[in-house]
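Since the structure of chain A is provided, determine the placement of chain B on it from the hints.
Those protein sequence lines, which keep their order, are chains A and B. Numbered according to my numbering, the first sequence spans residues 1 to 489. Numbered according to my numbering, the second sequence spans residues 1 to 489.
The set of hints was computed from the structure by calculation and includes no laboratory data. Mixed in with the good hints, there may be bad ones.
When chains are identical, the list treats them as one kind, so a pair holds in a single copy or across two.
Said to hold, decoys possible - As a list, the in silico BS3-like pairs of lysine-lysine whose alpha-carbon atoms are at most 25 Å apart:
1) Lys5 / Lys377
2) Lys391 / Lys378
3) Lys139 / Lys323
4) Lys151 / Lys80
5) Lys244 / Lys283
6) Lys80 / Lys364
7) Lys139 / Lys342
8) Lys80 / Lys107
9) Lys7 / Lys80
10) Lys189 / Lys433
11) Lys326 / Lys65
Protein chains: 2
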Amino acid sequence: MGNEKDKNDKKFFTKQSEDFSKWYTDVILQGDLAEYSAVKGCMVIKPYGYAIWENLRDDLNNRIKDVGVQNCYFPMFIPKHFMDKEAEHVEGFAPEAAVVTHGGGEKLEEPLIIRPTSETIIGDSFSRWVHSYRDLPLKINQWANIVRWEKRTRLFLRTTEFLWQEGHSCHADFEDAERETIKILKLYKEFDREILSVPVLTGQKSESEKFKGAYKTLATEALAKDLKSIQAGTSHNLGQNFAKAFDIKYLDVNNQQQYVYNVSWGVSTRLVGTLIVVHGDDKGLVLPPKVAPHQIVVVPIYKNDEQRSEILNKLSNIVKSIKDKKIRVLLDDRDNLSPGYKFNEWELKGVPLRLEFGPKDMEKNQFVAVRRDTAEKKFYSVPEFIENAEKILDEIQIGIYDKAKTFMESNIHEAKTIDELVEIMETKGGMVKCLWSGDPKVEEIIQEKTKATNRMLEMDDDGNVIETSGTCIGGEKPAKYTAYFAKAY
Amino acid sequence: MGNEKDKNDKKFFTKQSEDFSKWYTDVILQGDLAEYSAVKGCMVIKPYGYAIWENLRDDLNNRIKDVGVQNCYFPMFIPKHFMDKEAEHVEGFAPEAAVVTHGGGEKLEEPLIIRPTSETIIGDSFSRWVHSYRDLPLKINQWANIVRWEKRTRLFLRTTEFLWQEGHSCHADFEDAERETIKILKLYKEFDREILSVPVLTGQKSESEKFKGAYKTLATEALAKDLKSIQAGTSHNLGQNFAKAFDIKYLDVNNQQQYVYNVSWGVSTRLVGTLIVVHGDDKGLVLPPKVAPHQIVVVPIYKNDEQRSEILNKLSNIVKSIKDKKIRVLLDDRDNLSPGYKFNEWELKGVPLRLEFGPKDMEKNQFVAVRRDTAEKKFYSVPEFIENAEKILDEIQIGIYDKAKTFMESNIHEAKTIDELVEIMETKGGMVKCLWSGDPKVEEIIQEKTKATNRMLEMDDDGNVIETSGTCIGGEKPAKYTAYFAKAY
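Looking at chain A on its own, in the form it has when it is part of the complex (with noise of 0.2 Å):
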């Protein structure tokens, strides 16, 4: 085992400016989110950075709930020969598969894949659970741990083990798999909206990039801060290939044996890291409210014992008038730490609203309001903060949001020809958007000379691809698709 637990070294904080990838490792570790730990390429998540997890996920189930899935939980143990089964899938997966070969104290008969998904162990299940078109569609979901083995460790973003949630579903045609594919996603990009402040886009993978053993994978990117993309959630229209594999067939309204249609869609903890690269700053983290561990901290300023217990004795009153609103709100009455020491670490830990308390702000019923996201300072007399306390979180939530989705827009380039694409990657970086025709020689070469990859095509609110014509960026052939690439994360 490696030494990855080395790493957790708390003393230095790199500037986003300097060294992105060093900013992002010092933020989540001085950030106390997550650490490395003895296992290589498995992180321990901690409170604060576990607690966005809950928010973030808490939220995300009830929009799952509400559009009729309901949870179960399949065994995290794979039979080997279940993987084989799918040809594509068993390829793309197997390379990063662990594998149990022992089980209590002797060597099993055939060895154990742990889940690096799940369509093969949910769908010898779907088998015994549908028989007629009265059983469709059957929708599931499950939030699990997952290992796909890494060679590089980045917190969040790529780990060997990793929590997600993954919806899987039974459908009795093709055209009801489509649909239920493009809702997801667009209940995806809603979530990332309204809970992340993260704008996506959403488009369709290429072949090159499509999830091993699907029909088609839809999908949402994020562009992060160092402008590389980031893919934040999939659903993949599984077509037949599955239901055939694992014998998941129905009798329709015509007493005939159909195989079904599957979906599947997953996010994962890698939407703590997305949060981090498109909200994070110099400071540190940026924390949308709706995820925030504390949507507001106060910290009381005082010079002695006793003017300290006034203005604690006041500020319990206050505090607790904003809990009764449902509000995240910290009462930072730590004796020990200057208030300067206070607001840095709760700059770095992106609470998104700080409230300052002090004598003269007593004396005049008021606090001073300080935005993380704007660093804006306003003050608020005591009652009309507590008035307004949702309001205000609600503006710090759009702005966020605002702010990335003009800086995605921003960044995102046309090129008509792989020079101009090129030179864009190397000036500017960010997402170019150009015309292509499909042929994966061109992916390649765009890949070879710029590390960027094929993000996505574009497509209509149908989710389907949307033809155009032109010529490809490649030069020789007609164009098919609008297509977007970038480098990826």
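Using the frame of chain A, we list chain B on its own:
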């Protein structure tokens, strides 16, 4: 891999009184709570079973947070040498280990154990998190999957993979660790009573039954309808065993290095099995309202399409009023099934209250309400029912608890000699209360003669075993403890 999934047969339903063990499996399979999977020892938790788990988990999670414990997530892989650090611990868990030997296509330098419990990997993090007395107490919890290889599968009660929560804390001194150990045991006991309607005895485990690596183990034990004892939750004072193995030290107020004292505690999906064996009857499950996926089911009764549409129309408004009270109510409007079929199905699934509503009831604006736990039938005017719905459910919640408590109390018998104990176990079963010297030979003799094991030693409210006088049930030595013996799950 075994063919356990061939056991997923739903044709038969055995009466509890005929074959308890078979009844148990039938209820789970036919009630759609869970099924056997393609992987021996691992179950699939289906939507209905998972909803029960979610309900109890969410409530317990709130209770855990309310006592100042924060959620985290630790890797499921444990380096083999971590397990070896605590001698008793590795001896206890190594025989049940699932071992990962290959990852990412290569043989691992050191095998990884899938967590059978996480004291070791969490201890490693604690050694980085604890520096000063100011960091103590430190209390965390995780909800996670666990693997302990099982030779024989019992859905929910004994599975190779199961879900649980495990709390872990660090304390400055032994006394604070003791207080925490007993506090959590009381939290479990209250949760068992208020949410699961399960009465439990609490006490300390004997040396032979305690957690491997603990200084002492406290436990809650319930009594199943087949008169076997079932361990529902455990809380361990680990002393300094893991602190010394993982070097978890802090600087005390006098600037001296000290080892911390650890506590750990957990409950699992076994609680779902506990619910079943404590409350179930010949007709199937009996669910307490607080955990029931559907607290109320409404069955419309009609003779033709016209009646159907009239009745459903009326019911949809009524059901909305019930839902507005945050009651989980289901209107069973399936048209292809008879009311009688539905009655049986919802009785099997343990729905606490069934409302029947036919043409006559519509005329009189009334419901026929049938309690699952008592089979009591009662008429309510619709407005009366809506007004009292929560109260009625609370009465059922308490009624189920009282019934189980009476059952448990009437099945605790006292014995003065081993012969008396043997006779009780042969003729009545249940729990036997007796005096015991603490000599493990007496435990062995009792187990050989009756298969009963020592379930616990009686303790006081502070978690200390109550020392008694008198003669040991073994006859030879003076007694030290009051002990409970029973056959156990």
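### Message
Name the hints, by number, that the structure is in violation of.
### Response
1, 5 and 6
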